Amino acid sequence: MNLLAPQAALAAGVLGALGLGLARRPSALAARLLALAAPLAALFLLRSAVPGVFGPLVGVDLKGLCWQLVIFAGALPLAFLSSGDDVEAALFLGSVLGMSLLAVAGNLIMLFVGLEFMSLPAYLLVARAGEGDSRLRLEAAVKYFFAGALGGALFLLGLALYYADTRSFGPAMGPLGPQGQAGAALMAAGALFKIGAVPLHWWLPDVYSAAAPEVAGFLATSMKAAAVLFLMRVVSLAPDAVFIRALPGLGALTALVGAFFALRQQRLQRLLAYLSLSHAGLLVIGVGAWAVLGKAQAASAALLFYLGADALMSNGSFAFLKASGAVTRADLRGYAASAPGLAAAFAVLLFALAGIPPTGGFVAELLIFWQAVHAQLAVPIVLGAIAALVSLGYCLSLLRDLYFEEAGSAAPAAPEGCAASGSRVVVLVCAAGTLALVLAPLFLRGLAGSVWR
Amino acid sequence: MSELTLLWVLPLGGAVACLVAGRFGRAAARTCALIFGAAYFVVSLAALMPFVATRGVGLDAVGGAPLAFGVSYLLAADGLSLSLILLTAFLNLVCVISSWENDVPAGYWANFLALASALTGVFLARDLFLFYMFWEATLIPMFFIIGLWGSANRRHAAVKFFLFTFAGSVFMLLALIALVVAKHGQTGTWTWDLAGLQGAPVGAAGPWIFLGLLLGFGVKIPVVPLHTWLPDAHTEAPAAGSVMLAGVMLKMGLYGLIRIALPLFPVYAQTWAPVLAGLAAVNAVYGALCAMAQTDLKRLVAYSSIAHLGFCLLGILSGAAQGVAGGSLQMINHGITTGALFLMVGFLYERSHKRGLADFGELANTAPWLSFFFGFAMFASIGLPGLNGFVGEFMCLSGISHSPIPMLDVPFFAVAGVLGVTLAAAYMLPAYQAVFWAPKGPESVSEHVFDLTFRERSILWALCGLMLWIGLAPSGWLDLLEPSVRGLVR
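Those protein sequences? They're chains A and B, same order as listed.
Residues in the first sequence are numbered consecutively from 63, following my numbering.
Residues in the second sequence are numbered consecutively from 7, following my numbering.
The set of hints was computed from the structure by calculation and includes no laboratory data.
Some clues are possibly wrong.
Not everything, but these chain B residues come out facing chain A in the computed CB check (under 8 Å) [what the hints assert, rightly or not]:
| id | residue |
| --- | --- |
| 1 | GLY69 |
| 2 | MET139 |
| 3 | GLU142 |
| 4 | VAL291 |
| 5 | TYR292 |
Bear in mind that the values here come from a model prediction, so they are computed numbers and not experimental data.
Just so it is clear, CB atoms sit at the ideal spot from N, CA and C, and this is done for glycine as well.
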């Protein structure tokens, strides 16, 4: 039972949050504590978890364990920023539980269960969490729901075709027939939908920009990590699947689309959404390289590192929106003069998002590019480099607003309250963590021998 | 902590200390910057001393056990590295003293010290991961120095500077990765160690890798089609920022060429040399012609940098002992001379908020010291015998005309170089005349310009003394540089 201890902790958290709702006046503090304690407990229990198999449905491998680490860590900031609503806490913990089920799925059926389990609460979370006008959030949630349902349906259709060809819910034994090829491609499409790879990305900017910042951060980190793992599981089914060859190209295209569309954005959250899309593209290139390199450990370690760094960078930058109350780029003007500490932290996060050393974002990007060069994906690499340059362009222009411009007439009022001070802590911790990650070669040297041969 | 680690950690610690001291007021931060700047200068001088005794022979190194990803903490110093670090420390101190009276917040001083730290790291790193890290880290402080304390068009210039130089660096990074991957294919181990990457079997990707490195270094130098960021950045930066930019940051490109690109690819270094030397010749002439067309004194000095770096590049590419030594000496010379010129343009600008050639006139009357020092540095920049510029340029041109590399010894390159030298007089002298001697125009602000203060004069005495020293007795400096460069560029 040690195998599923993290999941048990999360499930207990969900039940606890639902139980809170039964009280006449649910305690906000208890909901907050629960939302924080359950992922922390899951993280703690992960330490003693070991790979193993539990029936046909559950197979815990090293990758699943490592990925859960990133998923839980990426979810922590949201727990920190939550408004103390018991239903939100339950939805959030339910989604994390779904992700961790996806991570330990032993076959395709369980993978689908995990996928739906993590998605359904997320739709509701987008609609429910946040302040102010709820119409935009509702619209985004409906859009997200339809996109997710479409992705899920594609996956199921693919699963059926794949099963018809291979008679298996696990890896294919022999080469795939045409049916199996189509099935694998459709399943991958389901995964790419979740990641938001071009041309299945249309829902992502709307959802990320309408959701509450902390929810957007959660989607951009934990959800993205789960989706990448989902894609890798599908890729693992059959090494000769044709769709694998399209992955680097799709990734490069996604990176470019994200980078170029972000250029025009005035609303910060939408800009960060496109930036996140651009990062998703880099991840898909990384998955492509991983597949080309025969699923090398070093390549999956690179993806994991990227997701870990992204958990800090994306969560931190979305939390900054909450901490500063800035909505449009104009709100950033001269912000450094009024709040130097927070501005410096955001500057670090921006440099990291653009992949500039000395930040962890640089190391993460380097590792992905490294794997891509190793896999000899020349064209996607050059396109990815161009995307990185473009994203540097608007990260710099944000910094310019932040530091070099005088404050506008209507500076945003700094939000107050528990969630706002929580978000300030998250921004500072994420920025410090991003800086510390640059020392990764130092503190990962124990792994150097086993992974980085 | 070893001495080499101390060299880059000390200014970084100084940057942090300045920020902390800033809490106690601007004067405290300023004092802190001076103390750390001076300490850094002393340490870099002390590090260089053993090499002076051994005439530049020997190697000081810190090697660590390999860390993750094949990265290791490798630092090493020879005469070339330490001379450039000494130049960095010296100019950093010059910057601190020259901006002493500017009412600037702690961040200003912190950025300068952080910049010095990153530059020192670039010159010390022998692990390419480390090298790239420091290389890019130089951009961040300079971005803030230009954007926060520059002149009118500073915001645009800061973003342009960062984007342009980063665009080159991205391709350099890809080239470095490709190199590491190629070596891994041969030996089965990951390494970023510069020495360990020697002779990596790059195969058909070789030219692309070399091109990527050239792009990264070429933007920094800058080689002519890639130079467009330079005039804006140099003109808009504050005076001290321009000093560091022109004095040290441009040298990063040449240093990378000498340390990394040419030694790793000796064959391409020869076969591509005519093309590169052609670009260098274009640099020398085009930079000079552009400088002639300027009406802004600072922009003129900026374009003169492009021309001067062309000479350095010619010397280094020549592969002849004399040319290579001259090219590296000229790197130091240019840092001192152009640093002094930028500093004085900055003094003028601080007093009058003007930089145009037509905005002054008869300055020699109101500011005799300024006109003396400006004339001194200008003649050094033109290459008057007896001053430092002459030695460097002469050796570069003599090297290129005795180059052992086929097609480089044709007279074309030397002639282009001589043309560049002549043109230097043609843009510098009229500018000097217009500002300091010509009759005042109707818009002249010369009467608002008071002469140099004692503090400013002392800095310029030091700089001009160095120009004279190198000009009269270059052998000591050449002894330092030559042995370390000779082994690298053949």
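Just to be careful: measuring from the Cβ of GLU142/B to every Cβ in chain A, is the smallest value less than 8 Å? Hint holds; GLU142/B Cβ to chain A Cβ min 4 Å, cut 8 Å.
Hint validation: GLY69/B versus chain A, beta carbon distance must be below 8 Å. Holds or violated? It is violated, given that the least Cβ distance between GLY69/B and chain A is near 15 Å, above 8 Å.
Classify the hint on VAL291/B as holds or violated, based on whether any CB of chain A lies nearer than 8 Å to its CB. violated, 31 Å
Holds or violated: the hint that MET139/B contacts chain A, with Cβ atoms closer than 8 Å. holds, 5 Å
Restraint: TYR292/B near chain A, CB-CB cut 8 Å. Satisfied or not? This hint is violated: TYR292/B lies away from chain A, its Cβ roughly 26 Å from the closest one there, beyond 8 Å.
In summary, the numbered hints that this structure violates are 1, 4, 5.
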